[in-house]
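Chemist: The chain contents come next:
Number of protein chains: 2
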Amino acid sequence: MKLLDGKKTSTEIKEEIKLKVTAIKTAGERVPHLAAVLVGDDGASLTYVGSKVRSCKYVGFESTLIRLEEDITEEALLLKIDELNQNENIDGYIVQLPLPKHINEERVLLAIDPKKDVDGFHPANFGRMALDLDAFIPATPFGIIQLLERYEVPTSGKHCLVVGRSHIVGRPISILMSQKGPAGDATVTLAHSRTQNLKSLTKQADIVVMALGIPEFLTADMVKEGVTVIDVGITRVADESHPKGYVIKGDVAFDEVAAKANYITPVPGGVGPMTIAMLLQNTLLAKQWNQS
Amino acid sequence: MKLLDGKKTSTEIKEEIKLKVTAIKTAGERVPHLAAVLVGDDGASLTYVGSKVRSCKYVGFESTLIRLEEDITEEALLLKIDELNQNENIDGYIVQLPLPKHINEERVLLAIDPKKDVDGFHPANFGRMALDLDAFIPATPFGIIQLLERYEVPTSGKHCLVVGRSHIVGRPISILMSQKGPAGDATVTLAHSRTQNLKSLTKQADIVVMALGIPEFLTADMVKEGVTVIDVGITRVADESHPKGYVIKGDVAFDEVAAKANYITPVPGGVGPMTIAMLLQNTLLAKQWNQS
Chain A
19 MKLLDGKKTS TEIKEEIKLK VTAIKTAGER VPHLAAVLVG DDGASLTYVG
69 SKVRSCKYVG FESTLIRLEE DITEEALLLK IDELNQNENI DGYIVQLPLP
119 KHINEERVLL AIDPKKDVDG FHPANFGRMA LDLDAFIPAT PFGIIQLLER
169 YEVPTSGKHC LVVGRSHIVG RPISILMSQK GPAGDATVTL AHSRTQNLKS
219 LTKQADIVVM ALGIPEFLTA DMVKEGVTVI DVGITRVADE SHPKGYVIKG
269 DVAFDEVAAK ANYITPVPGG VGPMTIAMLL QNTLLAKQWN QS
Chain B
19 MKLLDGKKTS TEIKEEIKLK VTAIKTAGER VPHLAAVLVG DDGASLTYVG
69 SKVRSCKYVG FESTLIRLEE DITEEALLLK IDELNQNENI DGYIVQLPLP
119 KHINEERVLL AIDPKKDVDG FHPANFGRMA LDLDAFIPAT PFGIIQLLER
169 YEVPTSGKHC LVVGRSHIVG RPISILMSQK GPAGDATVTL AHSRTQNLKS
219 LTKQADIVVM ALGIPEFLTA DMVKEGVTVI DVGITRVADE SHPKGYVIKG
269 DVAFDEVAAK ANYITPVPGG VGPMTIAMLL QNTLLAKQWN QS
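Listed in order, the protein sequences are those of chains A and B.
All letters in the first sequence, in the order written, are residues 19 to 310 by the working numbering.
All letters in the second sequence, in the order written, are residues 19 to 310 by the working numbering.
Keep in mind that the hints were calculated from the coordinates and are not lab data.
Please note that the accuracy of each hint is not assured.
One copy or two, either will do: identical chains are not told apart, so a pair holds if it fits within one copy or between any two.
[Said to hold, decoys possible] Below 25 Å or equal to it, Euclidean Cα-Cα: the simulated DMTMM-like pairs (lysine to aspartate or glutamate) are: (1) Lys198 <-> Glu124; (2) Lys119 <-> Asp152; (3) Lys242 <-> Glu93; (4) Lys198 <-> Glu123; (5) Lys176 <-> Asp239; (6) Lys119 <-> Asp150; (7) Lys43 <-> Glu30; (8) Lys25 <-> Asp150.
Extracted from the complex, chain A is given alone in its bound form (with noise of 0.2 Å):
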């Protein structure tokens, strides 16, 4: 069994971005800029784009967090967009979800310009990448294919299951494993809450990639030998013996599943790692792009 290690393939993609920025330094250019939006201030938003700034820091990026009252309108809201949208100092910009009630979410997404969309949420870039052309992939299906690809697991021609249809993981990933190219060419079946016979499925995959957000779901009965998975859940639940009083769960009953596994991502550690530096990378993709 060969661990696919997040945390240790995130921190090499972050190096070979710092060596890049400080070529561009070196070049007498201006570093890649990412701008970050959060409204209001739950908690669970501010550690997240608390890392993305850090990580910022870390690379040798400019970035930029730019915190909103809880109770912005949204016609404010879509102001502040213009002006990412405009200010050309900005190569990439998120905004942090879930955004508050009163706001429609959709309308807030689609008012990014698609060349400035690192998270790849708008569906000009989702179009794009279904349709082979240069795109921002979001984050986590992009850190899923850099694992795949960088630990050379075999995917052309391998039957490759994905449970969970979301349109930031399931679908994206069902996409990109089966075109062409790096981690691509497989057969992929994309099962979800309607599917019946899960259970046949998952044991015939080469592949299993599990989005699906239920605790330790996928056992070891579910899976054949030698089979490669990639577990995307990421679920607090209640441990009372910890620190915290949570552990961080995947999708993967892990201990039972490596013993059958050729490669497994564990959790934490495996595909979450991974996403920040895809951040970092599509940042790096839109100065690039956008200078040509």
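Model the placement of chain B on the given structure of chain A, informed by the hints.
Modeler: Chain B alone, transformed into the frame defined by chain A:
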């Protein structure tokens, strides 16, 4: 066995559109207007475009055929596209493919205003479709969905195998059938040239969509009893005994597969006739969406 009769269904859809056009006229409004751009004088393209223009007349749409010389420059064509984007009297338009080799097809398709892209080939439309937003759906997959829906073929929780990953058929139908909604909620597997053991997949499937372009590829031994088969293939096969010198063959060995199937589309008269009806439907939608 029930035949999914595309000829009959497309006629029904055209009649429905005709009624809506009559209502539009009665309300004193302008009728929908479709334009088609044809570069050069390729025989097959002329036939397709001619048939689209005739269908417009039939349902009462206004239509404009713009014929351009084979040796038109890309710049001149892009200017024409821009004119069409600006022209408020045109609700939607198509650029008949293929374009001459000296013209970059991708650049031309990306220049079409997504709001008028009734072929649904622009990434902005493709992304909207994949993210469950209102979108122009490419005519062939849209036609398949309509057939499944109008014949009330069960799809929810069924295993659907799509063979072929083209951008205009295989990829979009694989997305649509796995989404929530009419003719949706299926567990979809997308197979393609790199797929191994295709026969073991076709034999498991409740629904098989063939979009491969290999005449009579799918045979009775490859499917299970009670299967639903959608045949998107249209290949001209030389046949001296026929007045035209060829016959049109689908990807399915119809007679033997039909004997095992619950539902099946014939070729010709299945998916083919649906495409023009759905182009008209998209043009009607374009007028509605662009007005509101």
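Chemist: Against which earlier hints does the structure fall short, listed by number upward?
Modeler: The structure breaks hints 3 and 8; every other hint is satisfied.
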